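Construct the complete structure from the given sequences, taking the supplied hints into account.
Residue numbers (our numbering), protein chains in the order written: chain W, 1 to 390; chain X, 1 to 390.
It should be emphasised that the hints constitute simulated quantities derived from the structure, not laboratory data. Some hints could be false.
No copy labels: a pair is met if it fits in one copy or bridges any two.
Claimed, not checked - Below, a list of computed lysine-lysine pairs in the DSSO-like style, where the Cα atoms sit at most 30 Å apart:
no., residue 1, residue 2
1, Lys173, Lys28
2, Lys16, Lys33
3, Lys57, Lys33
4, Lys173, Lys127
5, Lys86, Lys28
6, Lys80, Lys28
Bear in mind the structure is a predicted one, so any value in this text is a computation, not a measurement.
2 protein chains.
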Amino acid sequence: MNNFQFFNPTRIVFGKNAVDQLAEQLGKHSGGKILFHYGSNSIKKSGLYDKIIKILKDASIEYVELGGVQPNPRLSLVYKGIEICKKENCSFILAAGGGSVIDSAKGIAAGVFASGDIWSYYLDFFKPIPQALPIGVILTIPAAGSESSPSSVVTNEDGGYKRDIWSEAIIPKFALMDPEITFTLPPYQTACGVADILAHLMERYFSNTEHVDLGDRLSEGTMRSLLVNGPIVMKEPENYAARAEVMWAGTIANTGLLGKGREEDWASHKIEHELSGIYDIAHGAGLAVIFPAWMKYVYKVNKNKFLQFAVRVFDVDMEFSDIDAIINCMIQKLECFFKSLGLPVRLSEMNIDSSRLHEMAQKCFAHSDKMGGFMKLNAGDVEKIYRLAL
Amino acid sequence: MNNFQFFNPTRIVFGKNAVDQLAEQLGKHSGGKILFHYGSNSIKKSGLYDKIIKILKDASIEYVELGGVQPNPRLSLVYKGIEICKKENCSFILAAGGGSVIDSAKGIAAGVFASGDIWSYYLDFFKPIPQALPIGVILTIPAAGSESSPSSVVTNEDGGYKRDIWSEAIIPKFALMDPEITFTLPPYQTACGVADILAHLMERYFSNTEHVDLGDRLSEGTMRSLLVNGPIVMKEPENYAARAEVMWAGTIANTGLLGKGREEDWASHKIEHELSGIYDIAHGAGLAVIFPAWMKYVYKVNKNKFLQFAVRVFDVDMEFSDIDAIINCMIQKLECFFKSLGLPVRLSEMNIDSSRLHEMAQKCFAHSDKMGGFMKLNAGDVEKIYRLAL
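Now the structure itself:
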């Protein structure tokens with residue numbers, strides 16, 4: 001186990017009517033005007049928007065609105081939010097939505113205090129964020145885990161670059177999480193969320209760091225729970241119990257806890273970011289395509305880790321005559337799981353051909369020469385992984 | 001899953017030489033004089049005491065010392081600490097030790113701001129703690145999980161009452177956790193720690209709240225890791241990897257995370273507190289005796305939960321002809337596990353006879369009429385559990 005620090009001070013308020021606690025939670029953190037940040041019309045259709053506005057007005061909390069966050073949140077809107085916060089002298093950001101809205105809010109929060117262009121921080125993952133406005137979250141999509149994570153991913157429309165920042169300063173102060181809010185999520189978005197959560201777990205799980213037994217077992221338990229409850233929420237969108245399990249798994253998967261003490265991987269995420277950066281596909285769907293391909297390409301580096309995963313998470317029978325067969329069986333099971341959720345497992349299913357694979361592989365390394373922890377990858381490796389996903 | 005809140009802002013600094021970060025962590029929280037609180041001579045023998053003093057002096061941090069915390073920490077020393085903090089105007093408490101030292105520090109921290117006698121808060125679990133001095137921890141014994149928990153257990157020598165408080169105000173600000181520090185822990189203390197950690201997991205696991213799949217699986221993973229690594233640290237006290245797994249499991253088991261969304265039990269802890277309150281035995285040893293007896297008494301309330309535990313944690317074969325046999329097999333396996341660590345599993349092994357069982361059962365209800373979540377117990381039930389443990 002490697003040395004580590006763990007710090008996650010987000011207050012999770014979880015369960016039915018969690019949103020009713022908005023005024024109380026805001027009261028702990030904000031005295032001044034807040035920026036109310038959200039996405040498309042879905043929170044207006046569901047009534048959540050009206051509910052939030054009523055709570056803010058009833059509590060006499062001054063606010064200014066910025067809606068319009070798109071999936072794969074755009075840098076241009078982050079710039080706009082920074083400008084509004086500065087002009088209106090906002091002291092807090094309330095993000096109501098999924099990972100895209102929260103990540104956009106984090107970009108704005110950090111951007112207010114950034115020296116120069118906030119994009120320069122996204123281009124350099126290790127450039128320290130000096131400070132950020134405090135953020136509160138009302139979560140509507142279990143997926144990114146951004147509600148209690150220290151990271152934000154934003155897309156620069158100029159070139160389709162999707163990059164991330166990491167800082168304790170952008171960990172939300174609170175997250176209100178009501179599983180009932182997710183009842184109306186469309187099936188495809190629900191499925192993409194499950195894939196994203198599973199991917200966050202696997203990015204940490206596949207590590208060559210030795211003696212990470214507890215972390216492995218915590219991840220395995222979370223993954224098994226997701227394999228059980230993911231299909232339930234697809235079949236029964238209003239099953240509170242299963243929606244709650246998936247929502248809580250989404251947070252647990254990305255607080256950082258499950259990766260402590262080990263080198264993490266994150267190559268699949270980076271490889272996927274180029275896909276959604278260029279083709280604007282759903283991140284979770286991209287991950288469902290990329291992860292099996294990545295596994296096929298890298299598993300030989302540490303077959304034991306994949307064996308453990310196959311046996312403990314996917315219940316593949318452990319028989320020692322053909323190790324590769326066991327691992328391939330697991331990859332098939334993983335693909336079947338994604339398919340059962342209605343997700344693609346090949347680029348061709350999303351009408352993506354081989355024409356830009358080379359370009360994407362090169363772009364992966366445009367601002368960093370590092371890729372992967374389980375197996376260090378270069379641009380040639382990444383292109384081969386894209387080809388395995390065709 | 002029940003509605004819940006989760007908030008745990010302790011900064012965990014984990015790994016080799018974690019103590020070297022003491023000055024930096026203190027610098028974030030303390031400007032004034034600190035109370036340096038510790039227990040017996042063990043931190044002097046190990047060199048930790050000298051190391052801490054040197055760090056404090058090098059960083060020009062003013063401090064006042066209070067050693068002498070005993071296992072089952074005494075209220076009288078808490079009073080003394082409160083007096084010192086008030087007189088010396090301390091603004092921070094540094095606790096170097098195991099659960100007893102940390103719990104004593106928490107009592108002092110809360111006592112400084114308590115209105116009236118701090119013991120009145122211990123007598124009434126639901127009396128809100130108004131405020132507390134911030135606390136930092138250097139952990140030497142993986143067991144209580146007090147390094148990041150909101151609770152403190154203290155014994156009032158007047159009557160041998162062992163009672164607890166619960167408040168976010170007493171969650172430590174940081175915990176420095178170096179597994180190497182635990183290399184020199186005596187075997188019995190190591191074993192008691194493992195039993196205590198396992199007990200914290202089981203107190204939360206055995207719940208009748210439905211749909212707590214993820215929490216169950218996280219707990220099962222932590223317990224399985226402990227079942228593997230506990231015996232290793234007994235056999236190889238200087239095995240860093242296994243010491244690290246046990247130490248990290250101790251924290252995970254008691255941050256509160258694994259009990260979220262469910263009614264917890266905690267009867268076994270309360271039943272044990274009367275034992276260690278009167279006989280001054282090690283808490284972990286008392287739990288190794290009480291837990292199997294509690295299981296035998298209560299399992300029929302919800303056999304499915306015990307079946308799941310038997311199959312998933314203790315690998316008992318699931319065969320459906322005799323459910324009670326499966327559960328009894330698990331209880332035997334649990335007792336064997338405790339015995340393999342060198343712990344007692346019967347009161348008689350600690351020379352405790354039946355003479356005070358009735359008195360202890362009554363004392364359990366001296367300040368509260370509530371006991372147990374999995375099965376509500378009355379004094380008669382508790383006496384029967386003590387008898388099963390004879």
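Hints the structure violates: just list their numbers, smallest first. none
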